[in-house]
Amino acid sequence: MKRLIFAAVLAGIMLLSGCEATELGGRAIIQAAAVDFDGHEYVVSALLFSSGGGSGGEIDPSNENVIKVTGRGSTFAAAVDDISLTDGKEIYMSENRLLILGSGFSETDVTPVLETAARDMWCSLNMLVCCADDPELLTDMHFTEGITAAQKPVDMIENAYRSGGSPRADLLTLLNNTAAGRKSMIPMFSPEQNGFGMTSDEDGMTAVLSGSRILSGGKLAERLDSRATAGEMLISGNSDRALLTFSHGGREYSCEAYCVKAERLEEGEVRVSARLRRRNGEELPEELRQAAMLELDALINAALAAE
Amino acid sequence: MQENSHKISAAQLFCILLLMRISAEIVYPTSGGFGGTGLAAALTAEVIRFVVALPVLIYSFKGRSFYAAIKRKNCFWGWASAIGAAVLLAWFVIRTLICSSQFAQRVLLNNISIWIIGALLSGFAVYATVKGAEALARSGVLFLAAAVIITLLVILADIPYMQFDRELPEWTTALFITDLIERLTRSGEYLVFAAFLPYVKDSGNAKSGTRSGAAGMWYAFAGGLSAVLLCVFFGAVLGEYQSMTEYPIAAAASMADIVLLKRLDGLTCAVWILAAAFRCGMLLFSMFSILGECRKKEESI
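The listed protein sequences derive, respectively, from chains G and W.
To get our numbering, take the position in the first sequence, counting from 1, and add 5.
To get our numbering, take the position in the second sequence, counting from 1, and add 330.
One chain only, chain W, in its complex shape (with noise of 0.2 Å):
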């Protein structure tokens, strides 16, 4: 049996996960509907990515190693499940790398080239993937903690703005569908967890499968309750602007105003960024980490 050396808790892993839901909501450009439209595709997103996910959560509560067992069971369909988790995880990297840095260029850094942002952001990813499990799940709490603080920030310092009585448009499928898909390619964060239940620590009398499902099936949660928590903010903060506007958390954090500081937005979108970058060294850490597992000659489950 091969353990890990590296090993993070379950609470960690949960923070981790979060943290990249919502900074993917926060710098991938949007074209969400303001009012029932957005709502339900982000709440729609949410319950595919569940179900799609699901195996994985069943799984988690009794075994460790998702692809290996697989590959256990078949050696084909195993390296075909890793490989393909690979292709899906590089994909999310090249598309985080992307829309980061032209978050960053678009909100923060106009003057500055978007391959030099992309340089920075990949160097960052890159670094962080060889730290390894530890130090990113350390960060990932930290990273996620000044992201809350930050962003409670906002929404507290936007409230006299907030009006939840607005005139809401009527139901458009077209953009139901387009939202949707630009939900879906946000996604990722089931295929990390996957990778990284290899490296979830036992902890007291319960084991570390129990943990891990509980991670996974909390983050179900969270993820669902952030998601529609953000749409319901940026709809009551901005209403119809919600549609107008590619990045809505750099349109309402430009009108909070805490004491001295006129305007959040730069502030709250350097964070977000970083929050970004880390969310890129994740993917690329869970894609080298899914195909070493399967490399593995035995495993435990």
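So here's chain G without its partners, still in its complex pose (with noise of 0.2 Å):
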């Protein structure tokens, strides 16, 4: 028995190691990926981690072991081959941790370039995908904080998505939404100069989220603004809370909204039910529960509206 665990445990060797492994640094293991589609061929820019650089444990833009490099092809697979022939390594999207697409597919079906990730760039399928006007946008940004170079902007999604912000979309949400021919909301970032210290760079440029655009028939479509995100989440039951921010008597209030329901009926009207709660838990004091109600109303409404 004891010759055959051994056995087992070479050819699991042999099998593991493989006749031609590459060694890490002889790999492009891309951080975050921007795909875009400009009318003839796809432009895909990926921030690598660079093995040359510094030491490795964190993202230091003085040692630049993070870099950029843009690559360019027919097809998405044959853009991020284009990466590797550039970057003169072989290419690991395995760690990809975010995906940003652009403008550009408005007018192309990006179902295949999902497709292409998840089965022959073998990215995992809780990647993020969030979109941008210029996809680049978020890979031209030189984050100082986070452990890789695409934490920054994907703790900004999920803390969006927790508190009903904004969506969060992976990857295998839209090629099952689109497969299914189900819609998908996908986060959009914008430019805003805001963020001073944010990057390393000092015009204090940053992205943030301002909204989100909607995934149908494998292309992006509708633009919806914050407030309209965050109704459309509501009525699609992506997310049952919301912060509202409200006025009443001459004062601003923000609390809470938790447990929302947001029913269709047939009428194409919405019926909303919802728990409110200041926001540091506290009950809210009876008279401000009708203006928190009409500002959740308010939302719903911005959603209805960009249907």
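Note that these hints are calculated values from the structure, not bench results.
In this text, a Cβ means the ideal position worked out from N, Cα and C, and glycines have one as well.
Among the hints, a few may not be true.
As the list claims (entries may be wrong) - Going by beta-carbon spacing under 7 Å, a handful of chain G positions derived as facing chain W: (1) Ala-12; (2) Ser-129; (3) Leu-130.
The two chains are supplied separately, each in an independent frame; assemble them into the complex guided by the hints.
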């Protein structure tokens, strides 16, 4: 039996190591990738971990252990291969944490890109997907926080999703919804000059979540602003909470709506029920409840108006 | 009366049969449908296997060498059944080798020739066959333990992604039939069960036949349960993508994130590839064992 187990372990070692093993330094490890279609070809900009830079423990723009490489090609796979040619390393996308779609996919079906990423590039199915008019917005930013180059925008999406302010779209959800003919909400980033210290640049430019886009029939369709996005998340059941800011008696108040249930009625209207509390967890006074519910209605109406 | 010098326990027999069953579910490519169609195909395949194997299961409660017993009743039918089983087992060996090599290349070793992978797996299977029933049974228990642990880790890590309220697709008869045929071609465990009956040892007051039969019945139940649980797990985690991917375990494990291990697909697939190689060894050993049993002049029931 010992010999048999030894043989199994030996076979495993041989199988796992492979005959053409690639050293870590020979791999272009993609941490975040932006992809767009310019009407003729796919353009992929990727943030690569460069093992030739710093210690590799954390992002360090001063040591330049994160580099941006752009590739072009007639297909997504060809564009990724172009990155490999430019960088001189074998592409490794399994650790990619963020895929940013450009506005070029308003006209072109993004499904082949998603399928290639899942099947041929072995991207993890829980990799987040977001969009931006110029997808290189996020790959051009040198975020100073995070273990990987993608961590800051990923944290922004996760945090906004938890508060009900922005959707969270991962590769699996998009593939499933596209296959079943359902619509998906994708978080959208926009540039903003509000982030001194967030990036290594000194111009204060950063990226913020500014609503979402609907992926329908494989193409990026409607744009929803932040309010309409929050409302649509409640209507679609993607979220059951929202942060509300409203005025009452000349003063500004903020509260959290939770356990929100938005039910579509046959007449095209939406019936909403919710529990309300202050952001510190205390009960919301009775006199503020009506104003808060009006604000919640306004979010729902913004989503309905955008449909 | 001739006794086999290598003996295994009924519990070991149950373990190796279950390992073979689950490894076939995992490493064989599937076009299985997500939802009711896939689940119905899985259950129907288990029922068909069980019904076809019922004579062996009933016999196992009272006797040992199934094919030798047939031969004693009628020499021609004894040999015909043994050769038929051996041919089927040979086909299952070849099919398992091809499928597990493809699985290994597709999910783990993209740059390596499928022939090299196939040769390694074949070498392992032949070596396992040469080592005999006892070594196979003992290592099978260890492989099953390793495979169950890694698969449980994947299931636990995928709990956050499970959705049991997914919209299910409509029933598709064509997909059901395709899936059912695919699943039936992943069989072979009951043939192995019949081949291993002479190796099960007596234990305590219970007769070996009672224990063998109980192992077979428990395997039938556990095999069906594991097929259903895998269907439900893949459906809950992957949704429609279950029908789009050939290897749902690799897709599900790619999302499994445990502390520093960001994805468990490599480790999971490596363990199941070894389990598939073990399956090949079991099938190969059973093939020779069946023919060997029939060649013996005297047999005990």
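Outcome of the hint check:
1. Hint status for Ala-12 of chain G: holds, given a least beta-carbon distance of 5 Å to chain W, under 7 Å.
2. A hinted interface residue such as Ser-129 of chain G counts as satisfied when its beta carbon comes closer than 7 Å to some beta carbon of chain W; here the least separation is about 5 Å, so the hint holds.
3. The closest approach between the C-beta of Leu-130 of chain G and any C-beta of chain W is roughly 5 Å, which is under the 7 Å cut-off, so the hint is satisfied.
Hint compliance for this structure: no hint is broken.
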